[in-house]
Amino acid sequence: MPTVLHLDDDLLVVDKPAGLLSVPARGADRQDCLAARIQALHADALIVHRLDAPTSGLVLFARGLEMLRRMSLAFEQRTVGKQYVAVVHGHLALDEGEIDLPLGEDAANRPRQIVDHLHGRRALTRYRVLARMGEGAEACTRVALKPVTGRAHQLRVHLLALGHPILGDPLYAPPASVAHFVRMHLHAT
Numbered sequence: 488m489p490t491v492l493h494l495d496d497d498l499l500v501v502d503k504p505a506g507l508l509s510v511p512a513r514g515a516d517r518q519d520c521l522a523a524r525i526q527a528l529h530a531d532a533l534i535v536h537r538l539d540a541p542t543s544g545l546v547l548f549a550r551g552l553e554m555l556r557r558m559s560l561a562f563e564q565r566t567v568g569k570q571y572v573a574v575v576h577g578h579l580a581l582d583e584g585e586i587d588l589p590l591g592e593d594a595a596n597r598p599r600q601i602v603d604h605l606h607g608r609r610a611l612t613r614y615r616v617l618a619r620m621g622e623g624a625e626a627c628t629r630v631a632l633k634p635v636t637g638r639a640h641q642l643r644v645h646l647l648a649l650g651h652p653i654l655g656d657p658l659y660a661p662p663a664s665v666a667h668f669v670r671m672h673l674h675a676t
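Under the working numbering, read the sequence shown as residues 488 to 676, first letter to last.
Simulated from the structure, these hints should not be mistaken for lab results.
One or more of the hints may lead you astray.
[Unchecked claim] So the derived label-pair ranges between C-beta atoms look like this:
no., residue 1, residue 2, range
1, A523, E583, 35 to 41 Å
2, A648, D496, 39 to 45 Å
3, D496, H578, 45 to 51 Å
4, A624, R513, 17 to 23 Å
5, Q564, A595, 33 to 39 Å
6, H604, E563, 39 to 45 Å
7, S559, A624, 42 to 48 Å
8, H604, G584, 17 to 23 Å
9, A626, D496, 43 to 49 Å
10, V567, A666, 21 to 27 Å
11, H578, A666, 20 to 26 Å
12, A523, R613, 29 to 35 Å
[Unchecked claim] Straight-line alpha carbon distances no greater than 20 Å define the calculated EDC-like cross-link-like pairs of lysine to aspartate or glutamate that follow:
no., residue 1, residue 2
13, K633, D587
14, K633, D582
15, K633, D497
16, K633, D539
17, K633, E585
18, K569, E622
19, K569, D593
Cβ coordinates follow ideal geometry from the N, Cα and C atoms, glycine included.
Could you put together the complete structure from these sequences and hints?
Printed below as a string of structure tokens:
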């Protein structure tokens with residue numbers, strides 16, 4: 488069972504493990520998800536936002552429709568946002584910056600997303616290096632990420648576009664990385 492980190496009359500904050508869906512997907516074998524597990528214990532809990540299945544971290548649940556409406560509006564108006572920590576291949580050149588690249592669906596390779604300057608929707612990510620580790624082929628960077636917009640796979644594709652895919656990313660990292668790491672190194676804080 489995922490860990491409930493905060494519980495009050497209005498909200499729940501839950502630590503989602505990597506590999507668990509946030510909400511059910513198509514197919515009988517894809518019904519086990521964070522929302523169902525939490526609702527089994529708290530029937531009034533409604534998921535406010537989602538994380539990709541390979542991403543671990545904090546997920547917010549509203550207790551009731553009115554709080555769901557209020558929290559959804561807060562995310563939409565960007566008075567509340569998400570932050571992440573990732574470990575990526577190589578050393579990022581700058582200590583901090585912005586990645587402003589439009590994203591769109593890779594129709595031939597769903598569910599992958601791509602940088603699409605012609606038809607993509609604006610996507611903006613801010614980042615700050617926390618640590619650079621290793622050398623050569625073992626070099627990696629721990630980085631704090633703040634998505635200003637909320638596109639599908641935004642952080643994953645933006646880091647790939649910089650030449651620094653997230654370690655263990657099953658869709659965007661090199662196959663050797665996926666084989667070497669048991670999970671994707673992206674965590675919502």
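- Out of the numbered hints, which ones does the structure contradict? 4, 6, 10, 15, 18 and 19
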